[in-house]
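Chain B: place on chain A using the hints.
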Amino acid sequence: MAGCTRDDPLAPPSHVGPSFDLYVPPPGEGGRICTGYLPGQAFGGNWWEIGGPMCRTELEISPSTAVYEDPYSGPYDINVTFSEPVSNLVVTPFSIWRCGGNPGSVTVYSAAGESASFPFTTDETECGKKMEVYPGSQCGPWWIQTGAGTQATVVDVPQVTHLVIHPPSPLRWITTVYEPDGNCGFNGIDVESIGGGTYLLSFREFALDENLDLVVSCDRTSVVRAEAIDCVARPVPAAATLTILEWRFDSPLGFSAVRPTAEGGRSWGGPIATAGTMSLTARVSTRTLTRRVDIDVIQRNWTDRPIPFDIQEETNNHLPLMVREDHDLGDVHQTLVDRYEAVTEVIANGPNQGLAYITDIPFVHQARIHINRQALAQGSAFSKRHPVANPQGGLCTRSYLEQQIPPLALRHEGLQMEPNSHTWFYQHGIEQQNLGPTVEPLVGYGFISNETRNSVSDVLKAAHTVAAAQDQADEINKVNLTCRLNYFK
Amino acid sequence: MSRLSRFVLGTLFALGARLVAAQDVADSVQLHNDCRLAAQVLTTGNPDPLRSWALHTIQSCDVEAGAAIPAVWQSPPSTAEDLSSLVAASIANRDARILDAVMTVATNAGAAPELRIASLRVLASYGDRRVWVSLEDLQSRRALILPFTDHPIGREGNNPLPVDIRARVLAVLNGLAQGDPNDSIRDAARFLVKAFPLP
Chain A
82 MAGCTRDDPL APPSHVGPSF DLYVPPPGEG GRICTGYLPG QAFGGNWWEI
132 GGPMCRTELE ISPSTAVYED PYSGPYDINV TFSEPVSNLV VTPFSIWRCG
182 GNPGSVTVYS AAGESASFPF TTDETECGKK MEVYPGSQCG PWWIQTGAGT
232 QATVVDVPQV THLVIHPPSP LRWITTVYEP DGNCGFNGID VESIGGGTYL
282 LSFREFALDE NLDLVVSCDR TSVVRAEAID CVARPVPAAA TLTILEWRFD
332 SPLGFSAVRP TAEGGRSWGG PIATAGTMSL TARVSTRTLT RRVDIDVIQR
382 NWTDRPIPFD IQEETNNHLP LMVREDHDLG DVHQTLVDRY EAVTEVIANG
432 PNQGLAYITD IPFVHQARIH INRQALAQGS AFSKRHPVAN PQGGLCTRSY
482 LEQQIPPLAL RHEGLQMEPN SHTWFYQHGI EQQNLGPTVE PLVGYGFISN
532 ETRNSVSDVL KAAHTVAAAQ DQADEINKVN LTCRLNYFK
Chain B
9 MSRLSRFVLG TLFALGARLV AAQDVADSVQ LHNDCRLAAQ VLTTGNPDPL
59 RSWALHTIQS CDVEAGAAIP AVWQSPPSTA EDLSSLVAAS IANRDARILD
109 AVMTVATNAG AAPELRIASL RVLASYGDRR VWVSLEDLQS RRALILPFTD
159 HPIGREGNNP LPVDIRARVL AVLNGLAQGD PNDSIRDAAR FLVKAFPLP
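Note that the protein sequences, when read in sequence, are chains A and B.
Take the numbering used here: the final residue in the first sequence is number 570, and no numbers are missing along the way.
Take the numbering used here: the final residue in the second sequence is number 207, and no numbers are missing along the way.
Since the hints were made in silico from the structure, they are not lab data.
One or more of the hints may lead you astray.
[Stated by the list, open to error] Simulated pairs of lysine to aspartate or glutamate, EDC-like, Cα-Cα distance not exceeding 20 Å:
no.	chain 1	residue 1	chain 2	residue 2
1	A	K570	B	D70
2	A	K210	A	D271
3	B	K202	A	E532
4	B	K202	A	D539
5	A	K211	A	D262
6	A	K570	A	D409
7	A	K570	B	D136
8	A	K542	A	E521
9	A	K542	A	D391
10	A	K465	A	E483
11	B	K202	A	D419
12	A	K465	A	D409
13	A	K542	B	D136
Quantities reported herein were computed from a predicted structural model and do not represent experimental measurements.
Bound-form chain A, shown alone:
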């Protein structure tokens, strides 16, 4: 039997729990606050100030007819299904649970298919304390506190469609109350304490009207090819919940990209190689909306872009040993050679991921010069038609053929692209066609396809034909020999 004092040395030490937190409104802004714990439409207002018109959202509850854990028929899980997804949810157990017990938890399921569990917390600041039925009376009845206050739990999951409440444990327990016996002593009386109780569900309900909106804004809607964009989504009002359903990019050329669901996120961006439409489908609170932004691509300025060239001398295998005219001494074969692979870049991420574009002119002016060194060599039949040393009738000497003519011929053909040489005329002829703007827009998926390359082949052929026709090296830049050649007749 305990003595009649305020400080009972046998009482358990005080138990300090979390701060008392019961009156918690749904976080965020906007919409209308609703509270529900009964089947059917939720009430308007917070649970401590219920009033006004009923809310639109309805509750379906099982197994009971309220969001209520019956301490006598329980424990059981309470299932609640909302008629439409709710956000900014707060679950407030309204009861007393046993100190040190298991307060239970709530598991919520969202419209996006996600689930999360939140353990309930209790306020145990009074646990273990001596409580007087008549505070201040020296010898009135008293007990040691065994019940903890419940606390509100904020559920940080948008678009909750239903939830399951797992009960606290134990639902019932014994508390001993000490009654004075009239002789300044006390008699202990065991009384049953009960937990369980009602759970109040508060949330924000947004109007189904045009006030809910989805905005997609991009840092720019017109980019120079291969520059990056970044688009961001936001709900209106800002406090409304936003659930991203699908980002996608569609190009009139037939290229489409859908952002992998796993990446999620309110923003999407990356380098852009082809014009198209960026679109986002998302749910803003209760509304599913799609918004589009057209992205324009500006060509890079490839006007007058230099054409790369590759000029080399190649061993002659076709000029004749029996030289009959100037052209038998040397020639040059010129064309435009493919280098698509070397200048193709593939975008690694974002709306144009996997799209290939070119970073430079995709062809090279290739020139292969052939000098008839076999015929010019001393000992050849052609060489023998010329004197060894002394000029006869102005004829070139054999050493002149072998040593002087090849460098002159190389200059005429244009090994170093000398002005007015054959290679110089072709290079200038091609560059005058200004092919850069024609090839700059070429894009493809993964690589530049043959079909895409073929789309500009006629333009290249036309440019080639024009450039070839402009070659005047034989008219204005003849090989200037200081002697005559004795050609075969």
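Then chain B, alone, in the frame of chain A:
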């Protein structure tokens, strides 16, 4: 300059001119004989050791080339170098008899692919005198347009090519591009049709 000096110099120039003329005659005789021998080697196959020399020489033989080169297409050389010489000799002599032989090989699905590729090179140059297609162009498909030379290639043979030679060549190439059973020939023909320069 004294009269004697002018006489001596004049005599020397005249002597030089006669020497050059004599060399021309000698070379012409040599060329004529070389061409006859080359034609014999190429048409009969004998003497075989001179075959490479003959292929190189026949390129300069206006008279003999038109008859000798078709024989080589019917009994082609085995080495890549000789095949290259055959192509060069054929392109250098634009003769209808050579054209017939080349077209026969090009369209003969049973002929060796290397020989048919060589025939396509000749056809391309026959179709356009400024086109020269290398073996590399047909094997790696690097050129976007068939390479052109700085001057027209080849001399007209004794039997000139038909005036619609370009159309004929493109018709053959189109046929091969669309239906030849050999992948490499079909691909090469497609490349040639696509890359042929505009007329």
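Worksheet item: Honestly, which of those hints from before does the structure not fit?
Response: The structure breaks only hint 7.
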